[in-house]
Structures are given as structure tokens and as C-alpha cells.
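Student: Below are the chains, spelled out letter by letter.
There are 8 protein chains.
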Amino acid sequence: MAKKVAVIMGSDSDLSVMQGAVDKLKEFGIPFVVRVISAHRTPAAAEQFASSAVEEGFGVIIAGAGKAAHLGGVLAAYTTLPVIGVPIQTSMMGGLDSLLSMVQMPSGIPVATVAVNGAANAAILAAQILAVNDSALAEKLRVFKAEMAEGVARKDASLQAQFQ
Amino acid sequence: MAKKVAVIMGSDSDLSVMQGAVDKLKEFGIPFVVRVISAHRTPAAAEQFASSAVEEGFGVIIAGAGKAAHLGGVLAAYTTLPVIGVPIQTSMMGGLDSLLSMVQMPSGIPVATVAVNGAANAAILAAQILAVNDSALAEKLRVFKAEMAEGVARKDASLQAQFQ
Amino acid sequence: MAKKVAVIMGSDSDLSVMQGAVDKLKEFGIPFVVRVISAHRTPAAAEQFASSAVEEGFGVIIAGAGKAAHLGGVLAAYTTLPVIGVPIQTSMMGGLDSLLSMVQMPSGIPVATVAVNGAANAAILAAQILAVNDSALAEKLRVFKAEMAEGVARKDASLQAQFQ
Amino acid sequence: MAKKVAVIMGSDSDLSVMQGAVDKLKEFGIPFVVRVISAHRTPAAAEQFASSAVEEGFGVIIAGAGKAAHLGGVLAAYTTLPVIGVPIQTSMMGGLDSLLSMVQMPSGIPVATVAVNGAANAAILAAQILAVNDSALAEKLRVFKAEMAEGVARKDASLQAQFQ
Amino acid sequence: MAKKVAVIMGSDSDLSVMQGAVDKLKEFGIPFVVRVISAHRTPAAAEQFASSAVEEGFGVIIAGAGKAAHLGGVLAAYTTLPVIGVPIQTSMMGGLDSLLSMVQMPSGIPVATVAVNGAANAAILAAQILAVNDSALAEKLRVFKAEMAEGVARKDASLQAQFQ
Amino acid sequence: MAKKVAVIMGSDSDLSVMQGAVDKLKEFGIPFVVRVISAHRTPAAAEQFASSAVEEGFGVIIAGAGKAAHLGGVLAAYTTLPVIGVPIQTSMMGGLDSLLSMVQMPSGIPVATVAVNGAANAAILAAQILAVNDSALAEKLRVFKAEMAEGVARKDASLQAQFQ
Amino acid sequence: MAKKVAVIMGSDSDLSVMQGAVDKLKEFGIPFVVRVISAHRTPAAAEQFASSAVEEGFGVIIAGAGKAAHLGGVLAAYTTLPVIGVPIQTSMMGGLDSLLSMVQMPSGIPVATVAVNGAANAAILAAQILAVNDSALAEKLRVFKAEMAEGVARKDASLQAQFQ
Amino acid sequence: MAKKVAVIMGSDSDLSVMQGAVDKLKEFGIPFVVRVISAHRTPAAAEQFASSAVEEGFGVIIAGAGKAAHLGGVLAAYTTLPVIGVPIQTSMMGGLDSLLSMVQMPSGIPVATVAVNGAANAAILAAQILAVNDSALAEKLRVFKAEMAEGVARKDASLQAQFQ
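Protein chains in written order, with the numbering used here: chain A, 1 to 164; chain B, 1 to 164; chain C, 1 to 164; chain D, 1 to 164; chain E, 1 to 164; chain F, 1 to 164; chain G, 1 to 164; chain H, 1 to 164.
To be clear, the hints were calculated from the coordinates, so they are not data collected in a lab. Don't be surprised by glycine CBs; every beta carbon is placed ideally from N, CA and C. One or more hints might be untrue.
What the hints assert, rightly or not - Taking lysine-lysine and the DSS-like style, the derived pairs with C-alpha atoms no more than 27 Å apart in a straight line are:
hint, chain 1, residue 1, chain 2, residue 2
1, F, K145, G, K145
2, G, K3, B, K155
3, H, K145, H, K26
4, F, K145, G, K3
To be verified - Covered by chain D, according to a simulated footprint, are these stretches of chain A (three or more residues, beta-carbon under 8 Å):
hint, stretch
5, 3–11
6, 81–95
Excised from the complex, chain A in its bound form (with noise of 0.2 Å):
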């Protein structure tokens, strides 16, 4: 059975950003569950969550949080499971510390971290780490390159005509 990803965010006020995650993955065909959870107001949650991952027949977990951003840590500490970092962008520095707070992590525990807002990122990178080992998933992600670069070359297309 395919395995799912988890988008878990510190607060419902990250929807607006984490949307972008779950839009891809159903564009992917990704099954995935969505929650809340708050490494600091709900850690037993936190953990309860990620130590039952892998036998929940999760394949990767998205965590978008801002600021302290410790959410993908926390998790990555109760799972041997790929945890992908999304920080959330904030008014200090335009999310420096939320960057900073889940890509400088110790040594032992990696959190992959994505550009700020970057939940759409996130997403095609879970479609990635499971494409690895699902050829359909692999050609899915293929398609979706060739489609991209197909929306610029329109776009160049257009722009070229425009400035002639």
C-alpha cells in the first residue's frame, strides 16, 4: 500500500502557507493527512504522532511552523522517518529565524529543510523521496518537469512577441 505523508503544522494560522503542500500532493495523488500539532503546546501529541509514524504507514512528514520553529526537530527526534522542514515566513527578517531554527540542526538529526513558504516544495520533495522506489510516482514527477518547463517556454514565447 502507498504510503502516506503527514502535513503537520504548529498553529491553523499556517493553513494559508501549508495549503500549498496539500494542493500538490493531491495533484500527485499522494495520500496524506492533515494536522495540528505544536511542539511546545502539545508535545506529548508531538511525539505520540511521530514514535507511531512508520507503523501508521506514514512514508514522510511535512512540518511548517514560524519563528522558535522547532516543530520538525521534535518530530525528527521521535522517527527515523525523512522530516521535511517548512519555515513560515515572520516579520523578523522575513522568517530568518524560522529558517534558521530547522536547518541548523545537530548532528544525528537532519530536518530537510525547504525555502520560506516553500510548502509546495515540501510536498514535490515528499513526491520525490517516495518516488524513489514508485516508477509511476517517478514518471508523475517527470510529466510535472516537462509541464513546467512547457508554462515557461510559453511564457518566453509570449514575452519574446511582446518585445519585438
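Model the placement of chains B, C, D, E, F, G and H on the given structure of chain A, informed by the hints.
Tutor: Just chains B, C, D, E, F, G and H now, kept in the frame of chain A:
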């Protein structure tokens, strides 16, 4: 019985910095324990320690950690005791990663953050917290402050003489 | 008699942020006063307040200020009470100026710094400090934490349902 | 047959850092190759490698580079495999240039970024990715995590004893 | 025949900024083309364009991109023409990510970087480069500089009058 | 005769900020002129102004500029008068570019830098400089300081009353 | 009688930097005193010094301090004399903490900030301030500037010769 | 006759960095002069050099400077030649002050900025600019690029062998 202070560090490589806290606690005669607990490598120990810290007789927890420094936040998640964070200096902008990971805590779970490598100040802050209801300790802090002022005054006199 | 908390701001324009501290102190039933004292414009008031804060019955001082935010440090210079600093957000890298001016205190005079605009957390930290020797207040904090966790759990349940 | 991991660096001067990835991959028994490919000096080699990485049996690509660190992004442009970026420390704010050049990828082409100089974590992340469908490797990761925890616990015991 | 300038942007959403380059090139009567080429989404187009730019009659390439802004570097990898980089403003510290990703190029492959959103200056720089061997264009630049100075002088006179 | 203050800005778009200096100079009754002089677009005007500023009766020069804010340094290069720099806020980290371009002057040629957008403070500093040998102006500054303190005290009283 | 300059530092460990100011003041024949006064450890000394600085015959105050560098601001709060701030280099982004703590002063109380570790420039600025009404000192500054230019010209000639 | 390149530095202490430009210009057989000209200490020399650079036979100006690095901008103000800026590394965030002071030029006066300490790249960029109308030089650049690629390929082969 006097409340104890816990001096917790994420790695024993932080001891050279955190020794500054130990020294000041000794100076003030405050009972303390020193622990190595990693938010990411030994999360169960972090939870276990913080959850039982009140009943174990602790009054304040000092947490020193570097990079994505989650230790303070993870401990604070499991206790109502005041948690003081000491961001450890790193090569990333002198420890801005440690500082932001500690101080930018979300609403509901504060970490009382001191300067990068400010372990001595963490111990002084712990003493100030315990002294709110301990007039003997408050008196020690007044004496400490007076001696510090006298030390500066002596250096001031010495420098004035040197440049006369 | 219960110790009071002082909520001091460098300018009344900081009130919209510092109201977050006032609200939380009310919620916990902690007596407090609100003051406008400027480290630079009314230094005598700062000295006068901090010097007599212990005998006036204060247990904790919260200081909110922005830019070259010296208020916390100036108050801490004149008292042995714990001083909590709230860096106010500015246009300079989102308040990095306020944060560094507060947190990077020299050895001997700590300021317990919370997140940029973290006024609510400053009040929670003040409550945690007072609760070290006040088991009724400690119980209120445990209830507060439990309710916060329940709030997150409700949102979690709601989001899980929404995406099923 | 087991998927291989590619450890690619932009310059052989990065080897001292990237050796950390090599060591961990050996430790986990994961087959790997080491390459020097420059996004800017040998772009054709980058394209050639990334375009054929799937059919060459690679499962994950690790890319270490410094300054305007485009290597990860350039490789990711030509493959659907997960690409892990290791920002190499520089004199520019401790490697903030490398970090931002790697992590701030545009929508569509993620690079899974780990900490500055976090080569060991890149290898662990690669192992976690391969372990999603390799229970023997997943077991190795669980053992690795347990041993790491035991190591911290030993240091904790030692430090507790030292300060008793 | 006069060399052309290429104005290339990573996304058509950058057009509002890059229009500044187009306008200045028109003003100087320099022939140009406008393209949308993405370093990551259409890497083959980037290679194809840069590899043939000399024989296609281009003298300078202007590349505008944001975030992990690799476009300039990727084009520079495939050509010996001077490549001018325009870092596009982002929410990450006002575009520091774009700036560092462009300017911090490794030895061997320079990108001539102008200010964040400095598209007009990119075009002026392109004109300066072409004018090294084109005295008519050099004369246009001298006139442009003189008119700029006159414009400032007029505003100076107006402000002096206003405050007299 | 009283020395004049020059308020110079690099662009008339800086007037909304620099008006703060004009207003304060008027308040103190200090004679002044307002100029638009660009370090880069009208360098000859900058040289001409600064070279003759002493004989034209100026005592202090205030220079407001943004981004690569060279105006203060260029003026200081041509005069021995004190030059006060006002870094204008930009989108690059809130004006860190303007600030560093002004304050980080090499040994030999200082620019007295005030806060980002601190035009009023530039005028107060100019007044302080002129007041070193002008006791009437010094008295005005004392009155200004006292009124500022009274203003804060009134707000303090008002806020104390509001929260009683 | 000639006005004196006060060279004040927050700690005698700052002397190696502040010696640069002492040397320049000697070079210009300006009378000065050197003091160690801490804004936080000896706030009463700071107040006492600044309050009486005018009547003690001082014309300018130079304040050197590091980290949360409040010394300049605290002195400025108690005097109408111009206060020059020298941010001392630290491990936090090379002294950005010291710089922002000094320069970002609130409206009403300026501190004339020079470069990080720019003690010599602080003395030159003090000389420029005193020279506004002291033509002999102004002449010394002109000579100093001319000699500096000659020094650069000599090095220029030497380098031109070397590379011919 | 071949256009010359000027290698100008703000201080002879920058020579160790700027030597990298000299070496590359020699390698390409481009005639050059080396000068020490300070934007602030010898502004007249800067003006004189830049104003006459075209008629003196220069095609490109390379300017290396640190801190408030105005040299590039000051030269660009007086010429229509392309000016390449080399920000010299400093202790302020690794040279961010130099970088921003150079790259953030206002509209109308670009400085083509390369990496911090990127003197070799400045020379390569100068060669690329001169090669726009010099096919022999363009051929040298193609050979240089090819050799660079071969150098990387050799290291790649060596490293592949080492880890086989």
C-alpha cells in the same frame, strides 16, 4: 528547603561555556545539578526531567544549546517552571541561529533568553528569580552588585591615574 | 501580600503591544501597575522606580522598548529583581535592533528577553517566576497550559476532519 | 539492487567537510560515489550526471557547495531524484550566502537543505530516504538513534557525577 | 552591426522590475530581446541561449532573478560574454537571498551584480560596456549623465527656494 | 554671527524624512539651508559645497541618503566640519545598507551617524554641537530635554490612571 | 579655556580599542580624561559624570562599549553635550549588536555613532566639533587631512612604480 | 591600441586581495595600471583619474575597497566607463558592509559588483567586457574556461578513484 537550579546543556561540548553558570551558582550558594540532555537525541530524558522538575525540588531550569537550539523550548513545553536559555555561540553569524531559535518562542511558552554565551548571567537571573522570595539571597545579590560596582570604580581610578 | 508586576514601556506608542502583557496578568489575577518610563527621556524616573521596586512590593519588572532598547538594562542596573525585556518590532530587520539591545547584556546584569513583541509571554514568564513560591499560581499555569493544549487539539481535530 | 547515493562537491576543497557524508554512508553500508562537479565550471558534467542519475542506479544526490551555491539547484533541475544540499561555511556571515543560495529554491524544484557544514546529516537524511522502502536500513537507523541516545546518556551520567 | 543585449528573467512575474532595463535600453537605442528562461525549470533553454549568444550577435546578457537566484550564474557558465545580474527583491531580508546568490560567484565565473531591483542600472551598465568601443553610445551616456545632473540641480534650486 | 546648518539630501524623495531635521532646526532657531546634492549624480556640486562650507558660514552639515549612501562620506572628504549622516530607510533589511554605507567610514574621515530615518536627532545633534560654544542654545537644549521629560511624565500619569 | 574631551569606556577591556581615540586627541593637543564607567554596573557614576560634564569643562563625550552598548545613550540622557559612540567589535556579527544598540537611539536623544572600533575617528569627530569655534584646531584638522592625502599619494606612487 | 584596465584600491593594505586581479590581467595579457586612490582621503585624485580615464586609454576600472566602500561609486560618478567593484572582506559580517556600500548604487550610476574578495573575477569580468569587441581576447577566455573545466574534471577523476 531551598529550590535547586538545573544547569542543562545539549552537549558536553557546551560545558566550557556553561561552567560560567556553575561558578556563579556556587558563588551564591545555590544548590544545583548539571545535566547533559539533548532535545533531539534524548527527547525522552528531556520530557522526563522537565515533567518532574517541580516535584524534584527545582525552582529554575537553565538550558544551554547551540544552532537550532530547541532545548529550552522543549523543556519549557513540559513544565511551568521558568526556563532560562543560554544561546551558545556558533559560526553562523556568531550565534544568531542559537539566539533566534531560543528567544523567538511562540505565545504561551516563554524561554527567558540571555546573551549569547551568557551563562554567568543565566545563573544571576536564576538567583534573582529565587531571591524574589528569599531575602538572604536578595542580600547576596545586592552585595554582588555593590562589589561589581566597586570593581569598576577601582579600574576607573586606575585608568584615570594612568592617563593623567 | 502578593508581589506586584510592573509593566513599563518606553513610549505610550508601545501600549498596543504591551497590552498583551496586561491581559495575561489580569487573566492570572496578578496585581500590576502600568508605567511609561523612558530610559533616555526620563532616566531619573527609571532610576527612582527601579531603586525602590523591591520595597514597593514588586516581584518582577517587565520592560518593553524598541530600537536601541535600553529600558530593560537601565532598570536592571538599579535593582536585583528579575527584569523581563520585550523587544518591540521595528523596521530595522523586524526588530533585530531591539532584540540585540536587550538580550546582549554584559556579564553581571541580565535581562530575561522574550520574543519580539512577545508581551504575553513576558507576563507568562512573570507568572512562572512568581509561581516558584506560589502553588496556587503554579496551578493556574498548569491549567493555562492544559487549556492551550486542548485548544490546539480542537483545531487539530477540526483540520483532520476538514481534509478527510 | 540497492540504490546508490552520489556525494557531489563543487570543489575538491570541500572534501574535508563532505568527508562527513562519506563516513556516515560507509557506516550505514550504503553504496556511494564521490564526484567533483562544478555548477559553473563544468555545467555539462552536472547536466550529464543528473540527467542519467536515475538509470545509473542512484536514489539520492547529496550536493555540497559554498558561496553562490548553485550546485544543488542545477542538479535538481535535471532530475526527479531528491537532492540534498549541504551549504559549506564561508566568511560571509558564517555561510549565510551558501545557505540562502541552496534553500531559497523557487517553486517546482526543491533542494532538501541541511545545516551549514552538515554533511553527516545529509548522509543520515539520504539513509532515511532510502529506508522508506528498506526495512533493514530503517533498523540500522533505529540502532544509530539508540546508540546516539546512549552516548548522550553516558555523558550525562559522567557530568552528573562530576558536579555532585 | 550593433551588438544586442539580452534581458532574461527567471519568471514573467519579474517583468515589472525588468521593464526598467527595457526602458533604458530603448532610451539608448540599443537593440535587445526579452526572454523568460528559468535556470531550474528550463535549464536546457538557458544552456542553449547562453552557448549561442555570441554567434547570435549578443554583446551583454542581463539576468534578473529572485530568491536562490542562479540564472546569472547558469548563463555565465555557458558563455564568455559579460553577464549582469539583477537581484529581485524578496521577503527574505529585502532580497539578501537574491543578492548573495548572484554576487557570491566562485572564482572563474563572475556575474556583474547591480543593486536589488536595479534593472535600470543593469541597462546603463550594459550600455557602458558596449560603449567601450562605440563612441556614439559613449556620447549618449555622457549626455544622459549631464541631464541627470541637471535634473538634480533643478530639484536643488527648487528646494533651496522653498526653504528660503 | 551664528553658524548655519546645511541639510543636504541625495534626492528630493528624501524630503519627507529630512523635514524632521528642518522642523527641529526651526524650533531651535538655528539658521539653515536645504539642498539636494547627489554624491553620484552631481559630485561636482558636492565638492563645491563641502569645500566652501566653512567660509560660507556653516558649522555643521547634515547629510541624508539611502542605499549605498555615500553622501555623508563624500562631503566629509572635502571639509573639516562635522558631518552628520542620516541613513534613509530602504527595503534592504530596513536600511541596513544605508546605515553601514554611512557609519563604517575608514579611519581619518568620520561621519557622525544617527538612527535610520533619525532626521530630528540629526538636527538635535547639530544643535548640541553648536551649543558647545553657545550657552543660549545650550539652554534651549536643556529646556527641550525638560519638556520631553514632562511629556513622558504626563503620558506616564495618564497610563497609570487608565490601568488603576 | 579649551574644552576637554572625555573618553569613557564600559570596561577596561575596551582600552586596546579606545587607545586609538587617546592617541588622536594627544596628536591634536586636545585635553582629555579617560574613564571606566559602566552603564549597568556603575549607573550612578554615569549619571554623576554626565550631569556635571558641562560645568566640569567638557565639550564632547566619547563613549566606547560593546554588545548591548547602552553607555552612549545613558550618558546622553543626562547631558546636552554631543556624545560620540564607538561600537566595540564583538563575536555577534562583528559588532552589529554594539552598532545597533548605539545608533538606533529614539527621537530626542542622539548618539553620534562612528564605525565599529572607530575610536580614532571618534577623536577626529570630537576635534571637528570643537574646531567649529576654534580656528587653530580647524587648521590642525586641515593639516591632518593634507598629510593623510600625501600619505595615500606616496603609497600610490610606490605602487604605480612597483607594477610598471 | 588595446584599452587598459585600472586596478584601483582604497588602501595599499588591500593589495593582498587585489593582487588576484593583477595576476589574472597578466595571464590574459591585458595592459593595466595599479593605483592607490582613496575616495575619502584623496577625493581629488579620484575625480582626476576618473574624469580623464577615457582619454587616458582605459576601457574598464576595477575598484577594491572595504567597509563604507565608496571608491567604486565615486569613480563611477566621474566617468562613463564600466566600473567593477570588489568588496573587501571585513570583520562586519564578513564584508556585508563593503558589499552593500558597493552594490546598492542609486539609479543612474551602476557599479558592477563581484563577490567579496573576488578580485580575480573582477579581472575576468574586465576581460569579458574588453572581449566584446576583441575576438582574440574572447578566444583566450574560451581557452581559460576550457582549462578550468579540465582542471575540475581531473580532480573529479582523482576523487572518484580515491573513493572507489
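Student: Could you run down the list of hints and mark each one as holding or not?
Tutor: Now the hints, each set against the structure:
With a C-alpha separation of about 36 Å, the suggested pair F/K145 and G/K145 falls outside the 27 Å cut-off, and the hint is violated. Pair hint G/K3 plus B/K155 holds up; C-alpha atoms about 25 Å apart against a cutoff of 27 Å. Under the criterion of a C-alpha separation no larger than 27 Å, the hint pairing H/K145 with H/K26 is consistent with the structure, at around 16 Å. A threshold of 27 Å between alpha carbons decides the hint, and for F/K145 with G/K3 the separation of about 22 Å falls inside it, so the pair holds.
Here the stretch 3–11 of chain A counts 1 residues with a CB under 8 Å from a CB of chain D, which misses the bar of 3, and the coverage is violated. Counting residues of the stretch 81–95 of chain A whose C-beta lies closer than 8 Å to any C-beta of chain D gives 3; at least three are required, and the coverage claim holds.
Comparing the model with each earlier hint shows violations of hints 1 and 5; every other hint is respected.
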